[in-house]
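Make the full structure from the sequences, and use the hints.
Protein chains in written order, with my numbering: chain A, 1 to 314; chain B, 1 to 284.
Bear in mind the hints are in silico, worked out from the structure with no lab data behind them. Please note: incorrect hints may appear among the correct ones.
[Claimed, not checked] Calculated lysine-lysine pairs in the DSS-like style (CA-CA distance at most 27 Å, straight line):
#, chain 1, residue 1, chain 2, residue 2
1, A, Lys-28, B, Lys-68
2, B, Lys-247, B, Lys-139
3, A, Lys-110, A, Lys-28
4, A, Lys-110, A, Lys-77
5, B, Lys-84, A, Lys-28
6, A, Lys-46, A, Lys-132
7, A, Lys-310, B, Lys-144
8, B, Lys-162, A, Lys-310
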Amino acid sequence: MCGIAGLIHRGKSSNVGSELQGMLQALKHRGEDSTGYALYGDTDGKNFIMRFKVGENVGEGSSSVMEDVSVYDERKKIVDQTLAEMGAKIVKEERTLPYSLRYEIDFETKDLLDFSQRIESIPGVEILSMGKSLEVIKDLGNAKMVCDRYSLDKLVGTHAIGHARMATESGVDIKSAHPFWGYPFSDVSVVHNGQLTNYWNNRRVLENKGMRFMSECDSELIAVYIAQKMREGASLEEGMKDSLSGLDGVFTYFVATKDSLGMAKDTMAAKPLVLYESDDLVAMGSEEIAIRSVLPHEIDTYDPFDGEVKVWQI
Amino acid sequence: MANIKTIDKKSKAQSMGMHTEVLTGRTQQKFFNPDEAENFYYFGTYDVDFNKRTDLDVMNMSAPEANKEIDNLMSQGYGTIVIKNPQGKHSLGVGILNKLNLIFEGSLGYFGMGSCDGPIVRINGRVGWSCAENLMAGKVVIEKNAGSCFGAAIRGGDLICKGSVGARTGIDMKGGTIIIGGDAGAFTGFMMQRGRIIILGDVGINLGDSMYDGTIFVGGEIGSYGSDAVDSELTPSDQDWLRRKLKVAEIGEDFNVSKMKKIVAGKKLWNYDNLEPTEKKGAI
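This is the structure in structure tokens:
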């Protein structure tokens, strides 16, 4: 089933980590195999923030294979070495969990493709997000568990999207969890509720164009599809509109960039979405109760129609 | 009439006049006979006084707790209940088989007012997916917007949304009337079998797709027609009925019904199973 939620504050910052946690926790009945956050925090914009993993959570319910922590340490060493070889300086390093790391990196580049390919050529290493504002945090468990594990409730920023997952077509692991980074674009992330039926056809085409897939989760296709359209020169909104015909199946998805948040709904409107929009806040989720967690007073909400695409700026 | 307490289970329903369909390929409805009313007993119904009114704050209640408390209040004779702080909770007000004035001061989540038979409900907010699914009788009025599958499979009653509704409104409906003040999404009237849908605004693609019977009236633009949905002539009696219905529904009373479009089933899909595969293609 899965549940998605997102919000964007326009003209101000807020405690988006805590707000999104409340929204996703309200949707936990839609799936709590894993939960993911894409948070756009307030930063000075100088350094890249790279969230990456060197292993998987092998806790209860996980479909991953147990590895020794020394393996993670070894992979981390190789990442550090590769970064040094590329001239990227680690300004700040956080290791929240043995398999999950956050680096702030001083690195000048406009094309993250080569950078990402080199990091991810290290076996067992996956970049969860790369950007100057975006941080993707995803792990097994419901929204509160993940929020507590990574201390996300104090993160201040402008916008965020998230996903509560009930695994149906791929494993219960971090690599199949949402959000997906719009590799290799800085600060692009995607969450999706639905099923895509032309996943393999699209994947073959996109892989031939040099794009990478880290999982076999159909939702990852949306991130890669949109990223490829943007790589070809389309705007975010143009890429999303193109996806309505390019992607087959049922879907409602959100895409976020450094300064915008968008939603798209398939032409059959088969997947739910409730939307609240005001001058200073847009909040949306699979169910109204998600929005109610941040706006408990009486509000006007509506369901976007079939084939609708909307994009908001901060 | 036979004593229903002494006859076997199989023929009990027939004796009570509850068999309404004869499956011969054409629907033949036998309506309820009021002379047999005394033989009907609804489990969980109460004698209520509409002038006996109370408030119920469900802020800290789960949906089952809230529904149980509504039932409890009805058992005490309350005929008018005002629900405070529904907070978009799912499945509120389901399974009410009573005459009752029920007012929600706020919005409902999914499946609100499902499987009801008789209450008069006003929701001063919006509703999520599948509002009033399987409604048998009564009236449900929503002051704001509604989600998808609005009035799915209703068999009777009036379901009114003053705002706009999502996709698949009236899917599989078998009776009753759905009235939409704003716009409606894709697949409105999908597989409907009987009843009427009135949309004062625009409607999305595939209107009335695979409808078996029933009528859809549209005041605005139509995205596209679904399979076997066709235009029909809007008669003076249709217009009279529309004016009456809109007035009673307190919605669009000044609406120019003479400009509305009337959509019905082309009925080329009828007896579908009797057709050979090549004929099926032709029928579609």
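Hint check results:
1. Lys-28(A) / Lys-68(B): 24 Å, holds
2. Lys-247(B) / Lys-139(B): 14 Å, holds
3. Lys-110(A) / Lys-28(A): 38 Å, violated
4. Lys-110(A) / Lys-77(A): With Cα atoms ~25 Å apart, Lys-110(A) and Lys-77(A) stay inside 27 Å; holds.
5. Lys-84(B) / Lys-28(A): At roughly 25 Å apart (the allowed maximum being 27 Å), Lys-28(A) and Lys-84(B) satisfy the hint.
6. Lys-46(A) / Lys-132(A): 7 Å, holds
7. Lys-310(A) / Lys-144(B): 21 Å, holds
8. Lys-162(B) / Lys-310(A): 24 Å, holds
Hint 3 from the earlier list is the only one contradicted by this structure; the remaining hints agree with it.
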